[in-house]
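**Student:** Okay, here's what each chain looks like letter by letter:
Protein chains: 2
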Amino acid sequence: MSINDRISKLRGLMKEKGITAYIIPSSDPHQSEYVADHYNSRAWISGFTGSAGTVVVTNDKAILWTDGRYFIQAEEELKDSEYELFKLGVEGFPSYMEWLRDNLGSGDTIGFDGKVLSQFVVENLEKKIQDKNIQFISEYDLVGEIWEDRPNIPKEETFIHELKYTGLSAEEKIGKVREEMKKKDADYFLIAGLDDIAWLYNIRGGDVPQNPVIISYGLVSMDKAYLFVNKSKINKEVEEYLIENRVNIEDYDKIAEIVFNIGEDNTLILNKRKINRWLYNSIPKGCKIVNEIDITTKLKAVKNETEIENQRNAYIKDGVALTKFLYWLDNNVDKEKITEISAEEKLNGLRSEQDGFVDISFSTISAYGPNAAMAHYSATEESNAVLKPKGFYLVDSGGQYLDGTTDITRTMALGPITDEEKKDFTLTLKGHINLIDTKFLEGTNGYQLDVICRYPLWQEGLDYKHGTGHGIGFLLNVHEGPHNIAAAPNNIELEKGMVVSIEPGVYKAGKHGIRIENIVVVDKDIETESGQFMKFETLSFTPIDLDSIDVSLLTEREKEWLNNYHQEVYHKLSSYLSEEEQNWLKDKTKSI
Amino acid sequence: MSINDRISKLRGLMKEKGITAYIIPSSDPHQSEYVADHYNSRAWISGFTGSAGTVVVTNDKAILWTDGRYFIQAEEELKDSEYELFKLGVEGFPSYMEWLRDNLGSGDTIGFDGKVLSQFVVENLEKKIQDKNIQFISEYDLVGEIWEDRPNIPKEETFIHELKYTGLSAEEKIGKVREEMKKKDADYFLIAGLDDIAWLYNIRGGDVPQNPVIISYGLVSMDKAYLFVNKSKINKEVEEYLIENRVNIEDYDKIAEIVFNIGEDNTLILNKRKINRWLYNSIPKGCKIVNEIDITTKLKAVKNETEIENQRNAYIKDGVALTKFLYWLDNNVDKEKITEISAEEKLNGLRSEQDGFVDISFSTISAYGPNAAMAHYSATEESNAVLKPKGFYLVDSGGQYLDGTTDITRTMALGPITDEEKKDFTLTLKGHINLIDTKFLEGTNGYQLDVICRYPLWQEGLDYKHGTGHGIGFLLNVHEGPHNIAAAPNNIELEKGMVVSIEPGVYKAGKHGIRIENIVVVDKDIETESGQFMKFETLSFTPIDLDSIDVSLLTEREKEWLNNYHQEVYHKLSSYLSEEEQNWLKDKTKSI
Numbered sequence: 001m002s003i004n005d006r007i008s009k010l011r012g013l014m015k016e017k018g019i020t021a022y023i024i025p026s027s028d029p030h031q032s033e034y035v036a037d038h039y040n041s042r043a044w045i046s047g048f049t050g051s052a053g054t055v056v057v058t059n060d061k062a063i064l065w066t067d068g069r070y071f072i073q074a075e076e077e078l079k080d081s082e083y084e085l086f087k088l089g090v091e092g093f094p095s096y097m098e099w100l101r102d103n104l105g106s107g108d109t110i111g112f113d114g115k116v117l118s119q120f121v122v123e124n125l126e127k128k129i130q131d132k133n134i135q136f137i138s139e140y141d142l143v144g145e146i147w148e149d150r151p152n153i154p155k156e157e158t159f160i161h162e163l164k165y166t167g168l169s170a171e172e173k174i175g176k177v178r179e180e181m182k183k184k185d186a187d188y189f190l191i192a193g194l195d196d197i198a199w200l201y202n203i204r205g206g207d208v209p210q211n212p213v214i215i216s217y218g219l220v221s222m223d224k225a226y227l228f229v230n231k232s233k234i235n236k237e238v239e240e241y242l243i244e245n246r247v248n249i250e251d252y253d254k255i256a257e258i259v260f261n262i263g264e265d266n267t268l269i270l271n272k273r274k275i276n277r278w279l280y281n282s283i284p285k286g287c288k289i290v291n292e293i294d295i296t297t298k299l300k301a302v303k304n305e306t307e308i309e310n311q312r313n314a315y316i317k318d319g320v321a322l323t324k325f326l327y328w329l330d331n332n333v334d335k336e337k338i339t340e341i342s343a344e345e346k347l348n349g350l351r352s353e354q355d356g357f358v359d360i361s362f363s364t365i366s367a368y369g370p371n372a373a374m375a376h377y378s379a380t381e382e383s384n385a386v387l388k389p390k391g392f393y394l395v396d397s398g399g400q401y402l403d404g405t406t407d408i409t410r411t412m413a414l415g416p417i418t419d420e421e422k423k424d425f426t427l428t429l430k431g432h433i434n435l436i437d438t439k440f441l442e443g444t445n446g447y448q449l450d451v452i453c454r455y456p457l458w459q460e461g462l463d464y465k466h467g468t469g470h471g472i473g474f475l476l477n478v479h480e481g482p483h484n485i486a487a488a489p490n491n492i493e494l495e496k497g498m499v500v501s502i503e504p505g506v507y508k509a510g511k512h513g514i515r516i517e518n519i520v521v522v523d524k525d526i527e528t529e530s531g532q533f534m535k536f537e538t539l540s541f542t543p544i545d546l547d548s549i550d551v552s553l554l555t556e557r558e559k560e561w562l563n564n565y566h567q568e569v570y571h572k573l574s575s576y577l578s579e580e581e582q583n584w585l586k587d588k589t590k591s592i
Numbered sequence: 001m002s003i004n005d006r007i008s009k010l011r012g013l014m015k016e017k018g019i020t021a022y023i024i025p026s027s028d029p030h031q032s033e034y035v036a037d038h039y040n041s042r043a044w045i046s047g048f049t050g051s052a053g054t055v056v057v058t059n060d061k062a063i064l065w066t067d068g069r070y071f072i073q074a075e076e077e078l079k080d081s082e083y084e085l086f087k088l089g090v091e092g093f094p095s096y097m098e099w100l101r102d103n104l105g106s107g108d109t110i111g112f113d114g115k116v117l118s119q120f121v122v123e124n125l126e127k128k129i130q131d132k133n134i135q136f137i138s139e140y141d142l143v144g145e146i147w148e149d150r151p152n153i154p155k156e157e158t159f160i161h162e163l164k165y166t167g168l169s170a171e172e173k174i175g176k177v178r179e180e181m182k183k184k185d186a187d188y189f190l191i192a193g194l195d196d197i198a199w200l201y202n203i204r205g206g207d208v209p210q211n212p213v214i215i216s217y218g219l220v221s222m223d224k225a226y227l228f229v230n231k232s233k234i235n236k237e238v239e240e241y242l243i244e245n246r247v248n249i250e251d252y253d254k255i256a257e258i259v260f261n262i263g264e265d266n267t268l269i270l271n272k273r274k275i276n277r278w279l280y281n282s283i284p285k286g287c288k289i290v291n292e293i294d295i296t297t298k299l300k301a302v303k304n305e306t307e308i309e310n311q312r313n314a315y316i317k318d319g320v321a322l323t324k325f326l327y328w329l330d331n332n333v334d335k336e337k338i339t340e341i342s343a344e345e346k347l348n349g350l351r352s353e354q355d356g357f358v359d360i361s362f363s364t365i366s367a368y369g370p371n372a373a374m375a376h377y378s379a380t381e382e383s384n385a386v387l388k389p390k391g392f393y394l395v396d397s398g399g400q401y402l403d404g405t406t407d408i409t410r411t412m413a414l415g416p417i418t419d420e421e422k423k424d425f426t427l428t429l430k431g432h433i434n435l436i437d438t439k440f441l442e443g444t445n446g447y448q449l450d451v452i453c454r455y456p457l458w459q460e461g462l463d464y465k466h467g468t469g470h471g472i473g474f475l476l477n478v479h480e481g482p483h484n485i486a487a488a489p490n491n492i493e494l495e496k497g498m499v500v501s502i503e504p505g506v507y508k509a510g511k512h513g514i515r516i517e518n519i520v521v522v523d524k525d526i527e528t529e530s531g532q533f534m535k536f537e538t539l540s541f542t543p544i545d546l547d548s549i550d551v552s553l554l555t556e557r558e559k560e561w562l563n564n565y566h567q568e569v570y571h572k573l574s575s576y577l578s579e580e581e582q583n584w585l586k587d588k589t590k591s592i
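Sequence lines, in order, name chains A and B. For the first sequence, position 279 (counting from the first letter as 1) is numbered 279 according to the working numbering, and the numbering increases by one without interruption. For the second sequence, position 179 (counting from the first letter as 1) is numbered 179 according to the working numbering, and the numbering increases by one without interruption.
This is chain A alone, in the form it adopts within the complex (with noise of 0.2 Å):
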């Protein structure tokens, strides 16, 4: 089927249930970053496989919003289509919201799967057309009804995550997001994310691929839990564990009824952006709603003591394999084929050796030259270059262990490079050394840290268009809330025990593409009259590409932070590489 014969059939649809115009976007009922393939509806309809991307149909219109990542691929993948493209962000395009209220009049209805579009969005919507009389149908699902062949939604096992991981039972757990429910005078809490489902009820799964989480809902009361999921993915042994620990296990589909006889006079605490409108819906209206962050998205960002001494064995594993990774391409660079798709897949296979190894945590970034200048790369077939002895190799990768999430990027030199090259480099690399070395005062935010990040790019006309750095969660997501580091105010401190990478980085098209990423753990240090300062305490361990570093930029506190860094990553690496990796390493992070 084309995609117009596609478009064409929801059209048929949209007449039959009287829509005017059908809005198909890139989300599962969870709002999760990434989706199961069950959930790309919008791929589907549209021939659009980028992961961000907006489709709305009427009558006579095929649009798909998508942002400057995927404007090129976007326009290659449209092509054969009625689709129109608009550009977010470009000057002239309006956004989908803008779109329908310009273009839609009284009498019209918008239609779109209640399930996978969230309150926050539905609302809105509504607050951008309620000068016109436009009506919401949200009970069908069109594209489910048309789409044929289409994946189901994943059946993976659950597993528990044992307590010598996570440190905390999920009674525990549970009984801290009592503590946090008890403070707001709520009854219920209603939880969509599948990460905090996961890391409360302390279960992984499969379901989402390199997101080791399970596709549930929870529902939290004072003296009730709830899990909502497929049983068949629930093990005696998982089962065991959870009635143990006092969860209620329900079928995923109950959760809506269940919300619904909770009865009114209730308070419940949810996040709109997270609670799809459907089961928004299901919420009886007498309740009173606290709309927050989740309770478990701020507790489970803050890593108790057994979680961060796991991180600290995770990331030593994920240093090892990354080390021999960078070991056997620097001697086989110049002797055999190797090409970004090749590359990516030995740096796979020896992450998988690795003790504990459950998967990679993101699609593997394996760029060479100028197509590392594109932040977020992904080799494809036609793509695929073959690596050659200079210029800038960039590798951005990382694991799922039982004892934690990694996630680094290292660029390395793998011949000669020129003076822009190294000096940019350079500059990556005191702005990397500028924030991770840095003391700041308890209470301060992500935002407030940034500019130290990018200050020396600055000093040189140079900045990196995306944010400084992102949560890291527990054998769960690799990006994850509340916190971050970034220019957009984030009102949320970086407290001690939270997880943020350090991501600086020189991108110049048709040139060449440097990042240097580290993961950190926010720790305290000194107390003065000032107040307590905190400080980060470094997780990653790799060398950082001596060859790239133009010495005479640096300052002599700078050499010293490299120095140490290096010290430490021969003395944590060294008794796990064979004495020819450990000849190299030693070399690789010899004092400069």
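Hints in this document: simulated from the structure, not taken from any laboratory. Please note: incorrect hints may appear among the correct ones.
[Stated by the list, open to error] From the derived model, a few chain B residues whose C-beta atoms are all more than 12 Å from chain A: (1) 290; (2) 451; (3) 556.
[To be verified] Cβ-to-Cβ under 7 Å is the rule here; a few derived chain B residues that face chain A: (4) 291; (5) 293; (6) 348; (7) 526; (8) 532; (9) 533.
[Unchecked claim] Pairs of lysine-lysine, DSS-like flavour, derived with a Cα cap of 25 Å: (10) B:128 - A:182; (11) A:559 - B:423; (12) A:465 - B:535; (13) A:524 - A:572.
Small disclaimer: the values here were computed from a predicted structure and weren't measured. Note that CB positions come from ideal geometry on N, CA and C, so glycine has one too.
Fit chain B to the given chain A structure using the hints.
**Tutor:** Frame of chain A; chain B shown alone:
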């Protein structure tokens, strides 16, 4: 009349009007930062003379709320009355709105003078007590009814701020306001901010000490512009200027009537934080309100070329006065008795000798030794320290000139200082240089830059508990929005032409206080593939005390900045100085 007698008279009136609790804030009808004595009802009713505080009186309670700057002073000033002190920001003390919510019941009434509470504050109060049946009574200024020797509303004469200073006529500015109104489909723009009105109509006065504004309201439609003012303040010349610029002059009290008569179905732009409840209530019910920062506030923040050129000149004159003062102090501190207050008088005298001097721009902070550890210190007869030839003296001062408003802080060693003092001074200087010499990407907001200044202090466990910088008026208020440089998010980008202070410090109770403040104007820097970069042009020129610097802590770049700055100081100021002063300045600006 004792304070308790005043409270008792107020309670009599409250009973008469059926008011349960009466609020007396620190504000005037224009929400000015500094108010004319006429509006200092809160000081009169409470005896507390600090600049910020709110009083609530009920039948059996009298409470004053104030912040940490004033706890000691308030305790002292309230001790002979029945007032209780409620400490803002201290655990266990509710805000006055929370207190009213918790202590008033159904059927009670809250009274206040609607002319001095902003619509923003009243709406917040409404939200706080929405669950209770409590009415507002906002039509009585009860303190006014019992305050016998109340100072009059000032009637200082108005003068024209000439075109050679402002660069744009009032009519041109009104035209710019209308352009902005058109973008929002607005019919009217209502203005209460005294500096906004003075800027718009190119007039100045003397109604608020050190703030050359005129007590007035403004109203702009697409074809009319009004100034509401006591007409006795407007002489023939000003009247002619305003008529020439198509400004209608109306009586101050006529604002509500004219607003009421604009009729329904109009769109009004106004700032609820500036418009008082009384005036807001006069808006016809059918009107649409666009609540945002005043158009004039945004326009006036971006100085035009004429204003910038004038400011450069004003800052040189101001630098001459301050440099003469520092020379005098340096040469006389060990010869005659100089106190904080006599030093302040000397400096005010030197400023007043400068061309175009109108007034000082705020009460000079003249602080010796430990007194400077209070960031907002103001010398009194009791605290007035004698300056000695050792330790630090801090002076934060500024002037109102026809060609600009200035603000500058210098800290000088009057003799030997401790190693700790030297280190703290040098770290403050490093922070100052870090920010004043930075490049930053166009579109950057002040909150992103704040940490650049704090960074060197944080690394040594130090911090200052105030913002890094504030905007400054042009022969107007010394604190002017909407931009600033501070940790709290403020969604205003630093545009070319904006003037802002850079003023890091170190404050150690019982020891010393240090602050180094210069004023800068935002300018364009290079454009690269990463975008347009911006920089700061320094406006203030006065030597930074070399004797207080530990040169070994400075980087080469920092030394270079300081040497270049000092060369400019000498170059710009020396021709206005005596030979002795020149020789002194030569030494104080020598290369290090």
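**Student:** Run every hint past the structure and note whether it holds.
**Tutor:** Against the structure, the hints come out as follows:
1. 290: Per Cβ check, residue 290 of chain B is outside 12 Å of chain A; nearest 15 Å; holds.
2. 451: violated, 5 Å
3. 556: violated, 10 Å
4. 291: violated, 16 Å
5. 293: This interface hint is violated because 17 Å lies over the 7 Å limit.
6. 348: Result: violated, 33 Å to nearest chain A Cβ.
7. 526: holds, 5 Å
8. 532: With Cβ-Cβ at 10 Å, over 7 Å, it is violated.
9. 533: holds, 6 Å
10. B:128 - A:182: holds, 21 Å
11. A:559 - B:423: holds, 23 Å
12. A:465 - B:535: holds, 20 Å
13. A:524 - A:572: holds, 23 Å
Hints 2, 3, 4, 5, 6 and 8 from the list above are not met by this structure, while the remaining hints are.
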